[in-house]
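Engineer: Residues per chain, in single letters:
There are 2 protein chains.
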Amino acid sequence: MVEFDDIFRQQLRELFVWRRDVRRFRTDPLPNDAVDRLIETACLSPSVGLSQPWRFVIVDHPARRRAVVDDFISCNADALNAYAGERATRYATLKLSGLEQAPGHLAVFADKESDIGHGLGRATMPETTEYSVVAAITAMWLAARAEGIGLGWVSILNPDRIHAILEVPQSWKFIAYLCIGYPEAECDRPELEQAKWEHRRSATEFTLRR
Amino acid sequence: MVEFDDIFRQQLRELFVWRRDVRRFRTDPLPNDAVDRLIETACLSPSVGLSQPWRFVIVDHPARRRAVVDDFISCNADALNAYAGERATRYATLKLSGLEQAPGHLAVFADKESDIGHGLGRATMPETTEYSVVAAITAMWLAARAEGIGLGWVSILNPDRIHAILEVPQSWKFIAYLCIGYPEAECDRPELEQAKWEHRRSATEFTLRR
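Taken in sequence, the protein lines are chains A and B.
Be aware that the first sequence starts at 893, since it is given in the working numbering, and climbs by one per residue.
Be aware that the second sequence starts at 893, since it is given in the working numbering, and climbs by one per residue.
Careful: at least some of the hints might be erroneous.
To be verified - What the simulated footprint calls covered on chain A by chain B, stretch by stretch (three residues with Cβ under 8 Å from a Cβ of chain B suffice, anywhere in the stretch; the number is not a length):
hint, stretch
1, 894 to 903
2, 919 to 926
3, 967 to 977
4, 1014 to 1023
Said to hold, decoys possible - Straight-line Cα separation of at most 30 Å, DSS-like style, residue types lysine-lysine; simulated pairs:
hint, chain 1, residue 1, chain 2, residue 2
5, A, 1088, B, 1065
6, A, 1065, A, 987
7, A, 1065, B, 1088
To be verified - Just a sample of chain B residues kept apart from chain A, beta carbon distances all over 12 Å, derived:
hint, residue
8, 895
9, 918
10, 921
11, 922
12, 961
13, 995
14, 1003
15, 1007
16, 1062
17, 1094
Since the hints were derived computationally from the structure, they do not count as laboratory data.
Note that the Cβ used here is the ideal one computed from N, Cα and C, for glycine as well.
Construct all of the structure, not just a fragment, from the sequences and the given hints.
Structural biologist: Below, the structure is given as structure tokens:
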């Protein structure tokens, strides 16, 4: 049995505070085994009924990477068009992905049809399959930051298009596209907060008692 | 800027290994502010477009807790009926929730209609709202274990029923019902693995290259 002390808990809190969604990467490569080690850590995560529904796709082929970047550019242009006035002006200045600089590209899917776990815990809430994959991504994100590696989650993508670009099995649902690399700079504040897009609220604003 | 060392990284890995889905709780109470502190930590998590869609409901009222337990009993009976033979026999022996013993009950929702974050990053993947809430739960789970507190995620529930029992706003989507308390025992292996319900696979089994 393992116990943790105050020093560890303080550092863990610092990790939560300094874990960022990184969009500005240095282009120097990651250590060869870095992404595989992060995937291995992700697999220590909880999953509904021990279903381990996470499926990882390390994207190395330049043509596939380029197609993902092109899909982002297209989806981001559509997103800009949905804003108007001052909000549109501000959106246009935001840097929302590091796809072109990040040395590591990792797509993550949830296998919706695997029998691993024998369906336990998923009957009334089948979406817990996707949630298990998100828990794994969160673990990987924290582990990455602990070794100075930044991770950025890009969601401004067309899931069907990503599915086609990566030629993955039909039963896999697209969850996240992750940019991985060394960040240009470290910060304890979200980039969208620095850019005055949105501000962070207090936990009490989000808590009810019943 | 904060850097982490090898000792912290080793302990973080131990935290991932020893974080369990707890179903067997001691009944002694948690410190008064424990759940609020965990919620505050959860709010340090990443969220799509800084939307902070997490909504927490601390469930203290005995009648509401009883109604949740009754819903679990009903859903779990249905789940058992869906198995047959040896698998059904084995399912019947599993303890799948600590709802009756855990001193803390926390329901977690995603607000699907909040304008916080101005929709950024959610146009093509609106489900990233739910995913942001799962990331927050994962952070809380790790922080809890670091102070010796166990958390168990119960998904064998009817979301509509939980919504009604807790009388929360219509736009909130039910994500998780969490039991929180001190675990009876600590273990580095999932209970479903110990019970031979399912075994853990290697990360390489889940990784493709493209």
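Engineer: State for each hint whether it applies.
Structural biologist: Status of the hints after comparison with the structure:
Coverage of a stretch by a chain is defined here by at least three residues with a beta carbon nearer than 8 Å to that chain's beta carbons; for the stretch 894 to 903 of chain A and chain B the count is 6, and the condition holds. Counting residues of the stretch 919 to 926 of chain A whose beta carbon lies closer than 8 Å to any beta carbon of chain B gives 0, which falls short of the minimum of three for the stated coverage. Residue count for the stretch 967 to 977 of chain A with a Cβ under 8 Å from a Cβ of chain B: 5. That meets the three needed, and the coverage hint holds. Given a C-beta distance limit of less than 8 Å, the hint that chain B covers the stretch 1014 to 1023 of chain A holds, as 8 residues qualify and 3 suffice.
Straight-line distance between C-alpha atoms of residue 1088 of chain A and residue 1065 of chain B comes to about 28 Å, which keeps the hinted pair within the 30 Å bound. Simply put, residue 1065 of chain A and residue 987 of chain A have alpha-carbon atoms about 26 Å apart, close enough for the 30 Å limit, and the pair holds. Taking the CA atoms of residue 1065 of chain A and residue 1088 of chain B, the gap is near 28 Å; set against the 30 Å cutoff, the hint holds. For residue 895 of chain B, the shortest C-beta to C-beta distance to chain A comes to about 7 Å, within the 12 Å cut-off, and the non-interface label is violated.
No beta-carbon of chain A is positioned within 12 Å of the beta-carbon of residue 918 of chain B; the least distance is around 15 Å. Even its closest Cβ contact with chain A, about 16 Å, leaves residue 921 of chain B beyond 12 Å, as expected for a residue assigned away from the interface. Every beta carbon of chain A lies more than 12 Å from that of residue 922 of chain B, the smallest distance being close to 15 Å; the non-interface claim holds. For residue 961 of chain B, the condition that its CB be more than 12 Å from all CB atoms of chain A holds, with the nearest at approximately 15 Å.
Every beta carbon of chain A lies more than 12 Å from that of residue 995 of chain B, the smallest distance being close to 15 Å; the non-interface claim holds. Listed as outside the interface, residue 1003 of chain B is inconsistent with that label: its C-beta sits roughly 8 Å from the nearest C-beta of chain A, within the 12 Å cut-off. A beta-carbon of chain A is positioned within 12 Å of the beta-carbon of residue 1007 of chain B; the least distance is around 10 Å. Look at residue 1062 of chain B: its CB is around 14 Å from the nearest CB on chain A, clear of 12 Å, so calling it non-interface holds up.
Not every CB of chain A is more than 12 Å from the CB of residue 1094 of chain B (nearest about 8 Å), against its label as outside the interface.
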